[in-house]
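> Sequence:
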Amino acid sequence: MLIEEAHGNGARYSKACEVVGISHRTLQRWKQCGLKDRRKGSQKTVVRKVPQETRDEIINVCNEPRFRDLTPYEIVPQLLEEGRYLASERTIYRILRKADQVHHRSELRVGYRHAKPPERKATGPNQVYTWDITYMGRTVRGLFYYAYVVKDLFDRSIVGWAVHEEESEKHSRALFARILNGGKVKLKALHADNGHPMKGDTLMALLQKLNVAVSHSRPRTSNDNSFIESLFKTMKYHVTYPNAFDTLEDARSWMGDFVHWYNTEHLHSSIGYVTPHQMRHGQAESIFELRNEEINQARQLHPERWGSRPAKQWIVNREVVLNPDKK
Numbered sequence: 001m002l003i004e005e006a007h008g009n010g011a012r013y014s015k016a017c018e019v020v021g022i023s024h025r026t027l028q029r030w031k032q033c034g035l036k037d038r039r040k041g042s043q044k045t046v047v048r049k050v051p052q053e054t055r056d057e058i059i060n061v062c063n064e065p066r067f068r069d070l071t072p073y074e075i076v077p078q079l080l081e082e083g084r085y086l087a088s089e090r091t092i093y094r095i096l097r098k099a100d101q102v103h104h105r106s107e108l109r110v111g112y113r114h115a116k117p118p119e120r121k122a123t124g125p126n127q128v129y130t131w132d133i134t135y136m137g138r139t140v141r142g143l144f145y146y147a148y149v150v151k152d153l154f155d156r157s158i159v160g161w162a163v164h165e166e167e168s169e170k171h172s173r174a175l176f177a178r179i180l181n182g183g184k185v186k187l188k189a190l191h192a193d194n195g196h197p198m199k200g201d202t203l204m205a206l207l208q209k210l211n212v213a214v215s216h217s218r219p220r221t222s223n224d225n226s227f228i229e230s231l232f233k234t235m236k237y238h239v240t241y242p243n244a245f246d247t248l249e250d251a252r253s254w255m256g257d258f259v260h261w262y263n264t265e266h267l268h269s270s271i272g273y274v275t276p277h278q279m280r281h282g283q284a285e286s287i288f289e290l291r292n293e294e295i296n297q298a299r300q301l302h303p304e305r306w307g308s309r310p311a312k313q314w315i316v317n318r319e320v321v322l323n324p325d326k327k
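Heads up, the sequence shown is in the UniProt record's numbering, so the first residue is 1 and it goes up one at a time.
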């Protein structure tokens, strides 16, 4: 009424609405549809909503002796045969759940979703490590050696490893005590699998003492530790990898040679086809500058090969993220 009065005295609708605190579009909508509150969270009348008396009847019927051990999918057909319809199966479930009458009745443990491990971000060496244990076959069928491998997330280098005849927490602790060197390596975070050697009390006590944040993969979710899984594939697919090892010394000798090759000779695709050693010691930037200079000169000499496309530029990745949070 005030807006119409102002408009009758010569004011524009938009200016009158601005004084009142609403938009002109809101005024137009009110005139067309009435003063119904359409804001999110406002009280609304839901035509299909089951009345409260029907909800009470549903709860009472489901708690009858003949129905109390049956599911709504069994109750609804029987009621229909009696010429009676209260609600759909899903609606009955929703009403029972709201009344706290839907519970897990099996003796088995209730299944639940594991939370995704936290995001780990590295902008330089020795900030975030990831590690796991993998099988190494033996000549005796059914027996294995176990390779403990620790990888730096930023430069992909193997910073520590060991091979043993069993998976054990004591081996894990000894490995990290050697890698971290009593706290001289200021590691921020460590991500591992979910097994006992990764979660043992003595290992956790060591990491807690050194203020290392620890996270673990979800059960049967290899993507939570994708960097180390990629390393194990490279290891198992290496041309020199044997199908089985005769002795523990053979397994350790091969692993030592592989680690040396991986760190100093392997051109790693995810860091721009330089070796982890070159990335770790800051040599990648000068290598990329040399590549960029050469390819730019080639484009100037033969521009027809590129057309309007720019020449590929090699850039050092300054940040690596494990298990990124999806925004």
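No lab work stands behind these hints, which were simulated from the structure alone.
In this text, a Cβ means the ideal position worked out from N, Cα and C, and glycines have one as well.
Do not rely on the hints blindly, as some may be mistaken.
[Unchecked claim] Computed cross-link-like contacts, DSS-like style, restricted to lysine-lysine with a CA-CA straight-line distance of at most 25 Å:
#1 K209 - K233
#2 K121 - K326
#3 K236 - K188
#4 K184 - K170
#5 K186 - K199
#6 K116 - K31
#7 K199 - K184
#8 K116 - K184
#9 K121 - K184
#10 K121 - K199
#11 K49 - K31
#12 K49 - K98
#13 K116 - K188
#14 K121 - K170
#15 K44 - K31
#16 K121 - K186
#17 K312 - K326
#18 K188 - K49
#19 K170 - K209
#20 K184 - K209
#21 K121 - K31
#22 K188 - K209
#23 K15 - K31
#24 K116 - K326
#25 K121 - K98
#26 K199 - K209
#27 K121 - K209
#28 K44 - K98
#29 K209 - K186
[Claimed, not checked] Taking CB as the label site, the calculated pair distances span:
#30 N223 - L80: 27 to 33 Å
#31 H196 - N296: 26 to 32 Å
#32 V321 - H281: 51 to 57 Å
#33 M1 - Y93: 45 to 51 Å
#34 N223 - R141: 29 to 35 Å
> Under the constraints set out in the numbered hints, which ones does this structure not fulfil?
1, 3, 6, 8, 11, 14, 17, 18, 21, 25, 30, 31, 32
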